[in-house]
Structures are given as structure tokens and as C-alpha cells.
Amino acid sequence: MLRVCLRGVKATAQKSSGRIRLTNVQQCREYTTGESSGASRVVAAGLLTVTGGIGGTIIYAKWDHKFRAAVEKNVPYSEWLLGLALGPASQDAGLPIRKQMESIQPPSMMEKQMRTSKAKSEKKLKETTESALSQPTQNIQAEASAEATQIISAISEVQSIPAPCDTEPAAAAAAVLQETESAGAAEPLRERSAEEVAARLAQQNQDEKDIIASLSARLDDSLASSAKATLQAIGAQEAALQAITQHTHKLKEAMETEGPTEEKSTQWKDLEAALADRTTSVNVAKTALVKANEALDGLKSVIDKSRGLKITAARPLILAAEENLHKMVVDLDKVVSKVQSAESEAKIVAQYTELVNEAKQQFQREVSSLTPEIQANWKGLTGKLSTDDLNALIAHAHRRIDQLNRELAEQRVRGQIHMEAALEQQRAEDQKALDKAVGTATQHVKEEARLDQERKLAELREVIEAEMRTQLRRQAAAHTDHVRDVLKVQEQELRAEAEQDLSSKLLEQETRYRQLTQEQLDDFTLDMNAAYARLKGVEEAIDSHVEAEEEARKAHRLWLSVEALTYTLKTASAESPSMPLEDAAEAVRASCVDNDFALALTSALPEESLKRGVYSEASLRARFNSLRSLARRVALIDESHNTLYQYFLSYVQAALLFERQQEVPPTQLRSEDLDPFKLLSYASYCLEHGDLELAAKLVNQLRGEARRVVEDWLTEARLTLETRQVISLLSAYANAVGLGTTQAP
Amino acid sequence: MADELGRKWDRCLADTALKTATGVGIGIVFSVLFFKRRTWPVSFGSGLGLGMGYSNCQHDFRSPYLIHGRVVKDQ
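Protein chains in written order, with our numbering: chain A, 439 to 1183; chain B, 742 to 816.
Just so you know, not all the hints are guaranteed correct.
[What the hints assert, rightly or not] With a straight-line cut-off of 30 Å between C-alpha atoms, the simulated BS3-like cross-links for lysine-lysine are:
| id | chain 1 | residue 1 | chain 2 | residue 2 |
| --- | --- | --- | --- | --- |
| 1 | A | 1135 | B | 749 |
| 2 | A | 894 | A | 772 |
| 3 | A | 1116 | B | 749 |
[Stated by the list, open to error] What the simulated footprint calls covered on chain A by chain B, stretch by stretch (three residues with Cβ under 8 Å from a Cβ of chain B suffice, anywhere in the stretch; the number is not a length):
| id | segment |
| --- | --- |
| 4 | 1062 to 1070 |
| 5 | 1080 to 1090 |
No lab work stands behind these hints, which were simulated from the structure alone.
Predicted model only: the values in this text are computed from it and were never measured.
Just so it is clear, CB atoms sit at the ideal spot from N, CA and C, and this is done for glycine as well.
Given only the sequences and the hints, what does the whole structure look like? Please build it.
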């Protein structure tokens, strides 16, 4: 019947549990379905807000970099996320400004440097320009100033158009400079130093000077040689001219004068000599002319070559040389033309003389044919002739006159024709000569004009150079003014700094001095105080001696009283406590009225000991032994186990358990040592060996009913221990005081 | 303190003995008077007496460990 019942109960239990489970599950499902719709809504909303927040943060971070930096700083993994979304943060927030600042710095410093170097170079340029005020200075200056323009343009980084009057070398130098300037611009911090520039200038000047020197030397040489040759030629031509004129003169003379034959023959000889002279001199003149022409050609070629070099400094030289050449050519031409005219005159005269000679000879022949006896020299024959001869002569003369008239007429006509032809010829010749003369004149004029132009160009260039120099000087003056101002400002700043430094140093020195004096004073006071203290110490020592005596006495008294107190302890017997310690304590208190320590100790004596006295150790030991068995018996009883059954068990345990009577307690108690039986054996051992304190400590570890049982004993033991401790302290103190006050002999 | 245990035991035993005896006596009385001299009231009475004595004894021994608390009402 019981089994049936049990089965039925089980079945019902199972059914009910099953139903309960089903309903639980249903309820859970309902809960979950009901909750799931709500939960999903909540989850969805939460997800939406989170994504919205993150997206918003990303977009704002993209727009505002500071915000992005703040987010990255504060939120741990945001930089990774933001890096993914936006790419690495662009660094153009803080650093570029610094970089710009840095980049701005060097250009300004550079400018300063350049300005100073520019000033230096300008000064140097000025010096060079001022020092180079010798002959070829003008163009050198022009060159140097051109160089200066290039340098200044290079330094100030302004592309200046080179002056249009610069010739090739300057242009070449400018090109070189511009190249270097571009290279310099590529590395903005590297620039040509003033010394370099000056060296370059000096080098260029030197080169120019050399070229000019050589050029001038050459020109001079050729000029000299050509001048010499021309002079020679001119001299020769003049000589020739002279000879020709002489000759013609002589010829004319010879023609006109009629003298005796000897004179005539001498005259003719002279004439011949003159003619020979003339021919030689003409030849000499011709050769000289040829030489001169050669020399002049050479000079011309040299001039052309030097002009081909195109150095402006050599221009005046060239100009001078050209002028000289021109002059020489002109002179030579003049002289040549003179010689030619003289020669033509001589030719005319020669023709005339020939004609005259011919006529004379014909007349002579006619006269001789008519009057063979009449001599040629008929002027002196007036008295020697007869009338017939005279008539014949007159008739002949008339006939001759007629003939001559006819001839004259004929001659006149012929002469007219001849004259016309000759005129024509002469005109043609004249024309030719004119053309030639015009040509030479035009050439000369052209040359002169060209020379004039060149001269004017040179002058203009000089003027321009002077103007440029004044402008540069003005610029330099402005620069010096500016530099002066800057220097003034700097000077003021430096002065202020220096004064500040000085004042601070002075202050420092003063404070140090004051410190030192103070220290001295302090030291002195310290010494004084030390001496005073020592004096005081000595006095105190003496006083303390007196005190020490007093103290010694007191210490003796204290010691005696403490001894008395200790003795009272010994009055305890086996079963009864000692005498009350009241009197002894009173005595002790009396003997240490002003000693706080002893008073405190005395007051630390427990009341019970004072009133009743303390038990001795032996009595405590005896009591313990009896207590031990009791404690063993109630070892299992504590707050939770205190039924009678437990009591019974505890009694059985005590009866059955055997432990050592005495056991050495370990230095450190472990948890298994807290067993009451063990503790009691340890305590027994301690007591047997006189260590009441440790025994009390061990007994103090008992718990529960055993503890309650030994409580009395424990308090008694504590009392005894306390009293003994206090008394031992007091005695130690008394001993110490006594020792302290005892003076060594 | 050490004596207290002994005293307690004395009290306890005396009390139990007394109670048992009293219970037996009352049991006898009731058995004789009301229950037709059956033994069960005697054993019942002795058991009663023993039980009471045991309980008293246990309470006496436990008395140091009992905590008497008071309900403090919040005011």
C-alpha cells in the first residue's frame, strides 16, 4: 500500500511538474514574443542612434580639423576609424605656418646679408671706379657700372634689361652673371660674395686693360710706322714738288733769258741736273708714296681688326688712330695732288719750252737761211748791217709777217679747234680730276662724318655713364642713410640691453655684498651666542651638579621604596595572595613626587593588586593544574555546540584523548596548535619553566567554554603579570636613575 | 569560574532527579486515579520529568551563550 501510494505520488508529482514546466515555457515564450517585438524595436532604435552618432562625428571631423584632432586625442581608437573613413589627417593646420615662418626668416636674413654684401660690393665698385680714373677709365667705368647694374639686379632679384649700349663683352658678362644669378636663385642662400664680384671685375678690367694695352701698342706701332712713312712720303713728295718747280722755273728761265752760250750751256746743264733731280725725286716720291700707302693700308687693317674686337675702351684709341690715318691720307693726297699739278704745270712748261725751242730753231733756220752770215744773236747786230741787207731784211720781214699773219690766222683757227679739242680734253681731264677729287673729298668727308659720329657717340656714352653713376651714387647714398638709421636703432637697442645688464649685475653685486656683510654679522652673532651658551653651559653644569646630587639622593630613596615594593610581592604564600601593595606603592609615590614617569608607573599598578594583593606564581601554577583537567573536559563546548549531548561527547573525548603533559611551545603558533589540548600542554610547559607570560598568552588562545572556565585564572595571571611588570619597570628605572646619578670616582 | 561548572552540574542533576521523581509520582497518581494502573502515565510522567530536567539543564549550561535581543522600532 505504501508503494502504491508512493507511485501515485510520484506520478502526480511528475504530471504537476510537467504542467508547471509547460506553463513556465509558455509563459517564457509569451514573455519572449511580447518582449521580442519590443526588444527588437529598442535594439533597432539603439543601433540607429549609435550609427547616426558615429556618422555625424565622422562628417563633422571631415569638415573641422580641430574637432577631429580633439576626438582623436580623447577617444582611443577613433584615429584608426577616422583614418579609415577620411584618410590620414592633412597636416596643413599647424606645421605649415611654422614652415612659412621659417621660410620667411631666411629670405629676410638673406636680404640683409645681400644688402650688406651689396653695400660692400658697391663700395668696392666705387673704389674700383674711383681708382680706375686713368686714360681708359671712361669705358672701364662704363663697363664696371654695367657690371654693377648686373650685380645689383642679381642681388635684388629684379630682372633688369641690360643697357642697350652694352657691347658684346658686357652682354656676355651679363649672360654669365644671369646664369649664375639663376643658379643662385635655385639655391637662394648661396650668393656671390663681394670679393668674388670685385675679383671678377678686377679680372675683367685686367683683361680689358691687357687687350687695350696690346691694342694700343699695336696701333701706336702701326701709327708710328705709317706716320713715319707718310711723313717720309710727304717729304719726298714735297722734295719732288720742289724739284719739279725748280726744274720748271729753271726751264722757264732758260726759255726766257737769252744769254751767252756759256751761260746757256751752264743753264742747260743746270736744267739737266734739275731734270735728273726731278726724276730722281719723283721716283723717290713715288716709292715713298707706295710705302706710305702700304703703311696706311696696314694701319687701316689694324684699325679694322681692333674695331672687330669691339672693346669700348679702345674706341678713343681707334678713333684717334682713324683720325690720324685720315689726316695722313688727306695730307698725302694733298701733297700728291700738288705734285700732280706741279707735274702738269711742268709738262705744260716743257711743252711750251719745246714749242718755243722749235719756233726759235725754225726762226733761226729761216733767218740763217735768209742771212746766212747773220748770227743767231741778232739783237746786237744793229750797227753792222747795210741798207740792202736792211731792205731785204725788211722785205723778208714783211713777207715773214704776212706769212706769220696767215699762219697766225691759220693757227688761230687751228688753235681755236685745238683749243676746243684741248678744252674738251681738258674738260674731260678736269672732269676726271674733279670726279677723282670729289670722290676723295666725299670719302674724306664721309670719313670725317663717321669720325664725328663716333666722337659724338663716345661723348654721349660718357654722358650716359656719368648720369648712371650719379643715379648709382644716389642709390648708394640712400642705402647708406638707411644703414645708418638701422645702425642707430640697433645701437640704441644694444645700449639699452647693455645698460640693463649692467644694472642687473650691479644689483647682483650689491645683494651679494649685503649678503656677505649679513653673513659676517650672523657669524659674529653666532660666535657671541656660542660663547654665551658655553658660559651658560658651564653655569648649568655647576647647577646640574648640585641637582645631580639631589637627584642621586632621590634616586636612592626611590630605589629603596621600589625594593620594598618588590619585597611585598614575595609575601604571597601558596594559597593566599600577597599583602596589599597599597602602602608600598604609597611609599614609592612619596619618594618620587616630581618624577612623572615613576608616578605614571605607580598609577599604572592595577587597583586589585593594590587592594587585595597578587597571587604568586606557584599558586597560579597549582591552580592551573586543576583547571587543566576541567578545561579538557569542556574542550568541545562553545557558542554553537553547547547541548548536553555535546557535553557528553566532550567528556568522552577528554577521557579518551591522551596528550603530553608538557610540550615545548613552538615559536610560531600554527592553526593546528590552537587545539585546546595542545595549548594546555604548551601552557603547562611554560608554567613549569616559569614563563607565566607565555602561559597566559597560550591560555588566552582558548575559546568557548574552556575559555570561560579559565577566565578567572587568566585575570589573576594578568594581574600578577601587570604588577610584576610595573614593579620591574620601576626597579629598572630606579636602577637606571641610580646609575645615572652615580658619579664615577 | 572553574567551580561554576561543578555547581551547574550539581544543580542540574538535582533538578533532573527531582523532576523525574516528581514526574514518576504524578504519573503514578494519574495512573492509579485515572488510567487504571497502566504503566504509560508513569513512563509518560518520568519522561516528562526527565525532559524538563534535561531542558533545564541544557538551558543552564547554555545560559552564558544566550543572546537576549530586543526589537527596536523605528520612530
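Each hint, compared with the structure:
With a CA separation close to 28 Å, the supplied pair residue 1135(A) and residue 749(B) stays within the 30 Å bound. Between residue 894(A) and residue 772(A), the direct Cα distance comes to roughly 27 Å. Compliance with the 30 Å bound is thereby established for this hinted pair. Restraint check for residue 1116(A) and residue 749(B): satisfied, since their Cα atoms lie roughly 27 Å apart, inside the 30 Å limit. Requiring three or more residues with a Cβ within less than 8 Å of a Cβ of chain B, the coverage given for the segment 1062 to 1070 of chain A holds, as 3 such residues are present.
Only residues whose C-beta sits within less than 8 Å of a C-beta in chain B count toward coverage, and the segment 1080 to 1090 of chain A has 4 of them, enough to reach three; the restraint holds.
Of the numbered hints listed earlier, not one is contradicted by the structure.
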